[in-house]
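Chemist: Sequence:
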Amino acid sequence: MMHIEQAALADKSAWWPLWQAYLTFYNHPLPDEISDLTFARCLDPEEPMQLLLAREDGVTLGFVTLVFHRSTWARTTYCYLEDLYVDERARGKGVGRALIEAVSDIARAQGSERLYWNTDAANTTAQGLYNTLAEKTDFLVYRRMLD
Numbered sequence: 017m018m019h020i021e022q023a024a025l026a027d028k029s030a031w032w033p034l035w036q037a038y039l040t041f042y043n044h045p046l047p048d049e050i051s052d053l054t055f056a057r058c059l060d061p062e063e064p065m066q067l068l069l070a071r072e073d074g075v076t077l078g079f080v081t082l083v084f085h086r087s088t089w090a091r092t093t094y095c096y097l098e099d100l101y102v103d104e105r106a107r108g109k110g111v112g113r114a115l116i117e118a119v120s121d122i123a124r125a126q127g128s129e130r131l132y133w134n135t136d137a138a139n140t141t142a143q144g145l146y147n148t149l150a151e152k153t154d155f156l157v158y159r160r161m162l163d
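Residues 17 to 163 in the working numbering are what the sequence shown spells out, letter by letter.
No lab work stands behind these hints, which were simulated from the structure alone.
These numbers were taken from a predicted model, which means no experiment stands behind them.
Be a bit skeptical, because a hint or two may be false.
[Unchecked claim] 16 Å max Cα-Cα, derived EDC-like pairs, lysine to aspartate or glutamate:
#, residue 1, residue 2
1, K109, D60
2, K28, D60
3, K152, D163
4, K109, D136
5, K28, E62
6, K109, E151
7, K152, D121
[As the list claims (entries may be wrong)] Restraint-style ranges between C-beta atoms, simulated for each label pair:
#, residue 1, residue 2, range
8, T92, Q36, 33 to 41 Å
9, W32, D154, 16 to 24 Å
10, D154, A24, 34 to 42 Å
11, M18, T92, 25 to 33 Å
12, D73, R159, 34 to 42 Å
Using N, Cα and C, we set each Cβ at its ideal position, and we do this for glycine too.
Working from the sequences, and respecting the hints, build out all of it.
Modeler: In structure tokens:
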């Protein structure tokens, strides 16, 4: 039976290969120090970030990261689902849906008014799931690197 739980320090070795596969999928390598920092932030109760892991029979099947932030359009917070990845061997088994529903539950419990996420326009497999869970907007994402 699959269950979703908050990551703990001991989970880094299970998360790391999935994180690397996620970065490879999006062709976005990161220095290990950034990945280490990301994991540490997700465990820090002072940070607005969290990391959830999906597991079945002791095997980590996927992860999701979420970030809470204020909005000029809301009284409370918004929840940004920043990263979602499911191991290729576990796809099509409800892991992604379970992770998104877990994020929804956490965001709702913390009083967030909105949960949102982005995906690559070419990631049609994920969009098949997302279209059953949320409204697709007409907004485009623009990015300007500042380094």
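Chemist: Each hint should be assessed against the structure and marked as holding or not.
Modeler: To see whether the hints hold, each was checked on the structure:
1. K109 - D60: It is violated: about 31 Å lies between the C-alpha atoms, which goes past 16 Å.
2. K28 - D60: 14 Å, holds
3. K152 - D163: Violated - the C-alpha atoms of D163 and K152 are around 31 Å apart, more than 16 Å.
4. K109 - D136: 21 Å, violated
5. K28 - E62: 19 Å, violated
6. K109 - E151: 22 Å, violated
7. K152 - D121: The hint is violated at about 20 Å.
8. T92 - Q36: 33 to 41 Å: About 34 Å separates the Cβ atoms of T92 and Q36, which means 33 to 41 Å holds.
9. W32 - D154: 16 to 24 Å: The hint (16 to 24 Å, Cβ to Cβ) is violated, given that W32 and D154 are roughly 36 Å apart.
10. D154 - A24: 34 to 42 Å: Since the Cβ atoms of D154 and A24 sit about 39 Å apart, the hinted range of 34 to 42 Å holds.
11. M18 - T92: 25 to 33 Å: 30 Å, holds
12. D73 - R159: 34 to 42 Å: 39 Å, holds
In this structure, the earlier hints numbered 1, 3, 4, 5, 6, 7 and 9 are contradicted, and the remaining ones agree with it.
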